[in-house]
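In the order they appear, the protein sequences are chains A and B. Residue numbers are given in the working numbering: position 26 of the first sequence equals residue 47, and the series is strictly consecutive. Residue numbers are given in the working numbering: position 143 of the second sequence equals residue 164, and the series is strictly consecutive.
If you're looking for bench data, these hints aren't it; they were derived computationally from the structure.
Label pairs and their in silico Cβ distance ranges: (1) B/Ser28 - A/Glu115: 23 to 31 Å; (2) A/Glu76 - B/Arg135: 35 to 43 Å; (3) A/Lys126 - B/Glu98: 40 to 48 Å; (4) A/Glu56 - B/Asp114: 39 to 47 Å; (5) B/Gly140 - A/Leu110: 33 to 41 Å; (6) B/Ser125 - A/Gln41: 30 to 38 Å; (7) B/Glu107 - A/Trp179: 25 to 33 Å; (8) B/Glu98 - A/Thr101: 43 to 51 Å; (9) B/Asp114 - A/Lys126: 40 to 48 Å; (10) A/Asp35 - B/Lys137: 19 to 27 Å; (11) B/Thr101 - A/Ser105: 49 to 57 Å; (12) A/Glu76 - B/Asn90: 35 to 43 Å.
Given the structure is predicted, the values throughout are model-derived calculations rather than measurements. Even for Gly, the Cβ is constructed at its ideal location relative to N, Cα and C.
Protein chains: 2
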Amino acid sequence: MNTTANSNILSSGDLLKNWQANRGLTRRVIEAFPEKELFEFSIAGMRPFSEMTKELLAIAGPGLDQIVNGSDQILDEERTEWNSKEALLKAWDETTELINSLWSKMEDSKFEERIKLFGQYENTVFDSITYFVENEIHHRGQGYVYLRAIGIEPPFFWEK
Amino acid sequence: MNTTANSNILSSGDLLKNWQANRGLTRRVIEAFPEKELFEFSIAGMRPFSEMTKELLAIAGPGLDQIVNGSDQILDEERTEWNSKEALLKAWDETTELINSLWSKMEDSKFEERIKLFGQYENTVFDSITYFVENEIHHRGQGYVYLRAIGIEPPFFWEK
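Using the sequences plus the hints, can you model the full thing?
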């Protein structure tokens, strides 16, 4: 019998640590692509991995900024400066710092708030952030297939 | 400033709900494959989706049984009865029930315990279960690429 059904098992800091560990692995997947294949290779009409990376960048920083600061955000997946592998990695690293900075302002009570992100996706903050992480793992798994298909060994999945 | 740094933000029940929601989506991905492609289609020498499904089945039920009951388990990904789509879906549904049943015996304190699963992977129970879920999302993302490559529209990712 579960005698502590109303208590909780994950801290805010643990959730941040897991997200950033996942982001670290995704960064290694971006790095593993040659420049050309990052922007051009795809299977069955799906997006190249650069486009998936842009989606993840467009969600993480702006989404968390809306959550923490209440800013109005749109989902902007096409920035002209995101035009090279180097630029994507730079944006990735800037987002890493931005997430850490915004996270330090998050009260635990924030995770229960319902917020409509990007003007369209309404959910609790906890569920939105869980979606951010799961969506990243989902696309990264697709990136693994792309890497295999172009003959490159992806990083070990469990080296998160 | 985070004034509640030591409190927690996720309940055991929420974690179970998220795992089962992910498992429900994975079930729809298994269902979306034609029988032949489930067992034979692959890209770049990767495993067919049936093999990934067997890995997920071999981890979830036996892993949680070891966590809850302390049973000795090996990672057994090749059972002779897992030889058809129907058999995999049946095993999937049995695992759904098994997880719910085992979960009802989990105390919250269990999630902090360090356990060496399958005789080789030592981690806290929370991190092991997080790995179970993330590993499933990772392989399911690969299954999405397979489905696209054989001309089948996968279920919506966000309909978890």
